[in-house]
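Using the sequences and the hints given, assemble the complete structure.
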Amino acid sequence: MASSESAGRGFWRDDEIVVDKDGIPHYTGVQPGLMREYRKRVLFAFSSLEGSGDDEEKEKRSLLKKQCRFAKKLVDGLHGEAWRACQDLVAKPEELRVPDGYKKVFAALQQIEKVSVIKATEAFDT
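Here my numbering is used: the first residue of the sequence shown is 1, the next is one more, and so on.
Some hints here could point you the wrong way.
Okay, the calculated beta carbon distance ranges per label pair [as the list claims (entries may be wrong)]:
id : residue 1 : residue 2 : range
1  : Glu16     : Leu49     : 18 to 26 Å
2  : Arg61     : Phe11     : 26 to 34 Å
3  : Arg61     : Glu16     : 19 to 27 Å
4  : Gly80     : Gly53     : 35 to 43 Å
5  : Gln110    : Gly23     : 33 to 41 Å
6  : Arg13     : Glu56     : 34 to 42 Å
FYI, nobody ran anything at the bench for these hints, they're computed from the structure. Since the structure is predicted, the reported quantities are computational estimates derived from the model, not experimental observations. The beta carbon of each residue, even a glycine, is placed where N, CA and C say it ideally should be.
Spelled out as structure tokens, the structure:
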């Protein structure tokens with residue numbers, strides 16, 4: 001049985017949110033209606049992060065490091081229209097390297113939702 005994942009790159013889909021082996025959801029932006037699910041999956045993945053270490057302090061530092069790397073992983077999981085909406089964030093990676101950097105990704109992806117609402121309104125008006 002051949003799966004699209006076994007074919008290499010391109011295991012993500014336009015019609016659903018696919019989560020990779022690291023728990024990172026992938027999103028293309030083709031269907032703006034999937035944004036709500038994408039947000040929920042991102043928040044779940046973020047809240048599931050755990051630190052590692054043999055004492056509480058090492059565990060806290062490890063968790064903070066993972067949280068600061070999370071937004072970059074999210075951007076890596078964007079494709080097509082979603083990637084283009086977040087392209088400006090790549091030019092300022094230091095802004096993503098904060099524990100709540102994923103919020104900047106959400107803010108950039110809102111452009112896709114806004115365009116979708118505008119198009120729906122225009123279609124209704126016509």
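Cross-check of the supplied hints:
Remark: the range hint 18 to 26 Å for glutamate 16 to leucine 49 is upheld by a beta-carbon distance near 23 Å. Here the CB-CB span from arginine 61 to phenylalanine 11 is close to 33 Å, well matched to the stated 26 to 34 Å. Checked against the hint of 19 to 27 Å, the C-beta distance between arginine 61 and glutamate 16 comes to roughly 36 Å, which is inconsistent with it. Distance hint check for glycine 80 and glycine 53: the Cβ-Cβ separation is about 38 Å, which falls inside the suggested range of 35 to 43 Å.
Separation of glutamine 110 from glycine 23 is about 23 Å and departs from the stated range, judged on CB atoms against 33 to 41 Å. Look at arginine 13 against glutamate 56: about 40 Å separates their beta carbons, and that is inside 34 to 42 Å.
When the structure is compared with the earlier hints, violations turn up for hints 3 and 5 and for no others.
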